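Start from the sequences and build out the full structure, keeping to the hints where you can.
Residue numbers (the working numbering), protein chains in the order written: chain A, 1 to 301; chain B, 302 to 439; chain C, 440 to 1046; chain D, 1047 to 1194; chain E, 1195 to 1617.
Bear in mind the hints are in silico, worked out from the structure with no lab data behind them.
Watch out, some of these pointers could steer you wrong.
In silico lysine to any residue, SDA-like type, Cα no more than 20 Å apart, as pairs [unchecked claim]: (1) Lys28/A <-> Lys1404/E; (2) Lys280/A <-> Ile994/C; (3) Lys969/C <-> Asp375/B; (4) Lys1088/D <-> Lys1404/E; (5) Lys1404/E <-> Leu1090/D; (6) Lys798/C <-> Lys280/A; (7) Lys379/B <-> Ile53/A.
The structure displayed is predicted, hence computed values, not measured ones.
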Amino acid sequence: MILFYYLVFPGFLATFILGGIASWIERKLTARIQARVGPPFLQPFYDIRKLFIKEVTIPENSVRSIFMASPIISFASVSIVATIVGLNLVNPNYSFNGDLIVCVYLLLIPSLCLILGSGAAGNPLSSIGASREMKLVLSYELAFWTCLAVPMIKTNEIRLISLMEFQAQNGAIASSLSGIIAFIITIICMQAKLGKVPFDIPEAETELAGGAYIEYSGPLLGFFKITQYMMLVILPVFLLQIFWGPINSWVSILKYLVLLVVIILLENTNPRLKIKQAVKTLWFGLFPVAVVSIILAVLGL
Amino acid sequence: MNKGKILSRSIWVFHFCSGSCNNCDIEILDALTPRFDLERFGIKLVGSIKHADCMLVTGMINKKGATRLKFLYDIAPKPLAVVAIGACACSGGIFEPSYYTYGPVDKIIPVDAYIPGCPARPEALIDGIVKVVKKLST
Amino acid sequence: MNILLPIELSLIAGIFFLFLPEKAKLFTKVVAPLIGILNFILSIILFFPIGGGNFVVPSYASNFVLTDLLSRFIYLGVGFFGFIISLYGTGYITKNVNRFFAYFFLTLGSAFAIGIADNLIVLLVFWGFLGMTLYMLIQLGKEGANLSDVLQAGEAAKKTLIIIGASDCFLIMGIGILWYLTNSFRITEISLITNYSPLITFSFVCFAIASFAKAGNMPLHTWIPPCAASAPIPVTAYLPASLDKLLGIYLLSRCVISLYKVSPGLSTFVMIAGALTIIFAVFMAMIQHSGRKLLSYHAVSQVGYMVLGIGTLNPIGICGGLFHMINNAIYKSCLFLGLGSVEKNTGTDDLDNLGGLAKKMPLTLFTMLTASLAISGIPPLNGFFSKWMVYQGVINTFSSRNAFIPALCLIAALFGSALTLASFMKLIHSIFLARESKMKTSHFPLPISHFLLILPQLILAIACIVLGIFAYPIIIKPVFQNILPFEAGGIWQPEWAAILIIAGVVLGFIIYGVSRIKVRVTPEFIGGEKVTPEMKVSGTEFYLTIEEMPFFGKIYEWAKKRFFDIYDIFRAWVFFFTKVFRFAHSGSLPIYLLWILGGLAIILLIW
Amino acid sequence: MENKIKERLGNRVVNWEKKNERRYYIEIKKEDVEEVTQILFKELGLRFSIASGIDTIDNFEILYHFSADNEDKFFSLRVKISKEKPEIHSISKIITAAKWIEREIWELLGINFIGHPGLERLILTEDWPKGVCPLRKDFTNEQRPEKA
Amino acid sequence: MNKDQKKRKTIIPVGPYHPLQEEPEFFELEVEGERVVKLNIKIGYNHRGIEKLSESKHFDQVTFLVERICGICSTSHPFAYVQAVEDLAGIEIPERAKYIRCIIGELERLHSHLLWLGLAGHFIGYNTLWMWAWKYRETVLDLCEQISGNRNHYAMMRIGGARRDILNKEIDELKKKTATLTSVLNMFKGAVMDDPVIAARTKGIGILTKEQAINYCVVGPTARASGIDIDVRRDSPHNSAYNLVEWNVPVLPDGDVFAKVVVRILEMLESVKIIIQCLDRLKDLKEGEIWNEVRDIPAGEGIGTYEAPRGEVFHYVRSDGGNTPFRHKVRAPSYMNILSNEVAVIGGDIADACITLAAVDPCYCCTDRIQAVENRPACPLRQSSSEASHSSGRKLKYNWEQLLKLSQEKTKRILSIKNQVSK
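Below you can see the structure in the form of structure tokens.
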């Protein structure tokens, strides 16, 4: 049964399809903002299908095992998060205490795989990409976790189901002052986690020619793309569960779309930051604000 | 399903320029921008040859470019379509008699389509790429 | 079976090797690992069955021996690491073999003794003895060391001795106070409430200082980096990375579990000490250029998690801390041993000059990568499980006191694991993934010693995986829940995650297979040119950006000048006072007479 | 400016040719080239526009074009170099911007620049045969290397 | 101990076939971590060997040849070239031709700067800016097409005047279309100059001080952003109409990337002013008088310059009295500007370096100059181009006549959809 959950619904397959649709919405809306027409509806799936018929090229100086395993592990771990997050909505019996922290840690794995994989590619540009990805992870995780402490303080729970129950009774966490501050900061961190502008620093198409992904081709790249699509669904839903719950009705789809639009707007109204600026903004700009939100949460606001 | 058809739905292009006057390159970019918008056809410009399905070659291919063109063609994951864009890439164009011309493109790598013009207009580019697509899907 | 058998065996072996001439080193190399294995087997036998134990306590020792599960667990841990390091040491050590194994077994014996000591005086004696053997072991110095390395090793050994020795003074003081208060030396008999009187609080602080110094918690950690930089790798893996952690944290947990009923204020102090250790040490680790130093700062940083866990005072936190202690010992020794192999092969631990070893040392890559991921807390490896328990412990304190400081500690711990990941990415990238540097890999060890080097690492790496995935059935439920019962409801079950990850990977390969993808090796794409050796991005450059940050730049500068080193601060003060006193000792008789008369006058006045 | 230059250069001028109000061609000896550029660029503040090398069949010529921007005048220094010994002192230590053009003239015309900090191939490939200088009048396409 | 001295330098390649550049050029960034400590520039990827070829063309043909030096400055090179020949032979041109030259020159500047603005946006990851800038660039290209019949390569220059006339009846419409650009440009001015993130990415980045600028002899907007007040259009308006109309030269002292952006945006506004004035004046002049007949080019030498969008373009022509140039030297502005990156990028991050490299609006094909050979204004198609080994499809999409026809249709369509842009 759990294998079904994992592979089909709400795990890999469902999230992948939703992710593809979300990705299409993203591209289409981006195109509209840029006064273009945009891609056809099935474009994200065409892209994936295409990648899976392409040849795989492996760089000469790479560490083959790590280079090839990274995309798959990244995709497998994201599927687990999808299962955990999704099961909370479908079948709460499977939830366990502390799944919040487990999810956060599991969400680190795609970044980790990207770092290892691109570092193993033996290409200076992808190594720079790896180093940037690592620095980016450092910079956003601090603020991200600080913000996650707010719901923990408010509810004394680290179980997503309990968080949602709490919100069902007492209203969304984001409706309080500390909650809304934390929520906004997590949205910015989510942007960084998704690797979207202004935080697409590791990929930096025009600086590093694809940066961390530069050497990946064919299905390997495809797995990374799938990971990206799935992240585009999981992360907002995860945040919704924590901050803007409960999500059990059809209204929550609207909530998700709102978050998605916020992501897209952020993406299209900003240039890419430099890694130094990103670290500075997130550590010295957002982290203190996040600490303030914790203080507010302790004070019960 | 045949590979070409799958490929034709999503063509990621890599842009190679060697000894062009820049206009074809600009027109390639132009084809991505609002008036022409190649993304409608799933066409996307990528920065790494390893992501590419189609290489757009412009310019008369000079000595430096010729070796690198071959190199890039070799390391690109196949299947890879090659499109020669502009008069220079198709034939050497105005630069053909130069001492530094080692092109045109089809002297170095196999070419799937030729899009002439000086520069090739975005409409011509779209038409050419659409024909590549058609060719791939048959 | 006699529970004292491993102690006796080790001590005898130690003394025997001490007097064995260096010429007999082949003999040592054969016998030493056998004794290591024997010790390990004995400790296993003594440990099982888990509930009762399969042991006999001799009557003369019945007042001195503690045989509860925790002690026997420490016993088992000590035996395990003794076994691992004796294997590795056999393969690694080529010079001073007998001296190494002599001190090695003496250390092992004392460590066993500390683990089951019920009497504080016995504990103190072996505690002090352990400090001394550590001093001797560090003084052995690096393999093939030149003069400056020898001097450096001497310096490091001195520093270690002073810090450990000073902390032993505190231990004596603490024991003295306990005796004064309770008239007893027996751990099982003493139970005090810390906020009852300041004296009790002070004695707790004394114990805490001793255990902090041993385990290497801030601010008493400063002996670990120089020690790791100059001692032989097996020594580093043996003491600072595993045994010292085991014993230091054991003492702290003993204090918290049985000696004292700790007040919340004091526990906050312990938690803050842990959290600060995590963050500062890991920040220092991130900028190191030497592999040994990088690992040594992590040896410090990980202590923070254990201290944090124990500081929470609730069962799951303490068990998390203890579990983290054992996990840390496993992956940290694995990392040190891996680095030792690398150093053995290349002759350096300088991350700037390493690179491209992945193809030459795939097994070491596997072990070090596994251990790195475990130390960074990547699920489903063991590091994650224990960290996760520590976090739960911290979150449980939210309800009982003001949530602000625990929340900050939690963030420090969480962020610390990201920083840990960062510095290990640097390590792995520099050693294995970066392009090959021009440096030659020389003196490959013999096949047999190669086997001896790689086997312990493999055991440890597999232990990381097994303890991670099957943590609950094989260690949490049988051991920790018997040490300190805590609620197990809804615990994270990594088996499923592991199975699912494997399923995902299988799915991935199926997709690979179904689409019959061709794989081809091609040169890298960097824009059309060929990659040249100058285009090597070494992992050491990863965090220059952070080093150059305004705030951090300053801190790092200070840290490099060793403003935060308690040893140096202390030494500066000592030198200052000796200077003052030297001024008094001018050597001329009249001035001495003057001092005497002045002193006499003061005494008379007061009297 | 015209008078200033005349005055400062003095007898270093071999031939002063004023083509029209806006263009001056000043011929100097090749030994003086460093000194003269020093005067024109550093002292008189003219902008170095470019140098152009010419194969005039009898000998080589290098023209250093200096622009007096606010007066709309070009002063071109003409230096003649014999074909037997095609070399001249580099001015790229005085004018950094001359680095590339000297390399270019070196590889396309085969004139050696003494004291240039890094006289290496600029635009042709590394394997282009030495001594085949495309800008010389006797160059034909047959001389170029066959394989790319 | 001396870790700082021991720091290893790593070379990060940028280029040659890199998305940062539309054209190939190879930069080797020597970095410590992300900080750039040295830059090696390797050019020549776009070398086409022009200076030799020019010697085999006759003087009129060379006009078309130099047009193909660079597609973006495809008026500037012919402009400077005809100036050089006119200087050589002492030719004056009719006044109407002067205005036409200015109009097409300024239109080119507009399209080039908009192009650069968009690409700069693309380089710093701001694709929205790219798309919008290029959207409005199409307006300029339509104007060009309406005037010259082609989106690029206008072929408007001719020794002794202009090759094509601008019809008086079209002037009003051209003016109207041009005027719409003012509001667009003001929008960009606001959008770019007020954006805090753009400011953070460009202010204080890649500074080229005035001294460095003088030493590297940079030209054009790069120089003007470093506080050097030079502009060939104003300083040397010979045979052009720039001294007949009112306009300003924006100069900023900062020398950073932001200054370069601002200078270019302000210049575009000036260009619109110039075009509108020129179009006004054009109405008063008689149609058709656009060139003076030129018979022979005497022996001698001449220098021609023009302010291309990137700065002064320099042509030197020597004639031995025959019908081909004896020597033709081309110096494009980027040749001077790119070298100045050697100092401008030092100390910045890799990301800074990338935008700094782009900030001089490098035109590598200019830098690597060609020497042109053939003179047909549109593409000479070799119908029998060698057959690709594995390709069996049609090789040529259009022939020359079809293309011409398509172009004409496009032009007609643009003419028919009037006021499309003003809406």
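So, going through the hints one by one against the coordinates:
1. Lys28/A <-> Lys1404/E: With Cα atoms ~46 Å apart, Lys28/A and Lys1404/E exceed 20 Å; violated.
2. Lys280/A <-> Ile994/C: Since the Cα atoms of Lys280/A and Ile994/C sit roughly 16 Å apart, the hinted pair holds (cutoff 20 Å).
3. Lys969/C <-> Asp375/B: 13 Å, holds
4. Lys1088/D <-> Lys1404/E: Distance ~14 Å between Lys1088/D and Lys1404/E Cα, so the pair holds.
5. Lys1404/E <-> Leu1090/D: 17 Å, holds
6. Lys798/C <-> Lys280/A: 38 Å, violated
7. Lys379/B <-> Ile53/A: 9 Å, holds
Going through the hint list in order, the structure does not satisfy hints 1 and 6.
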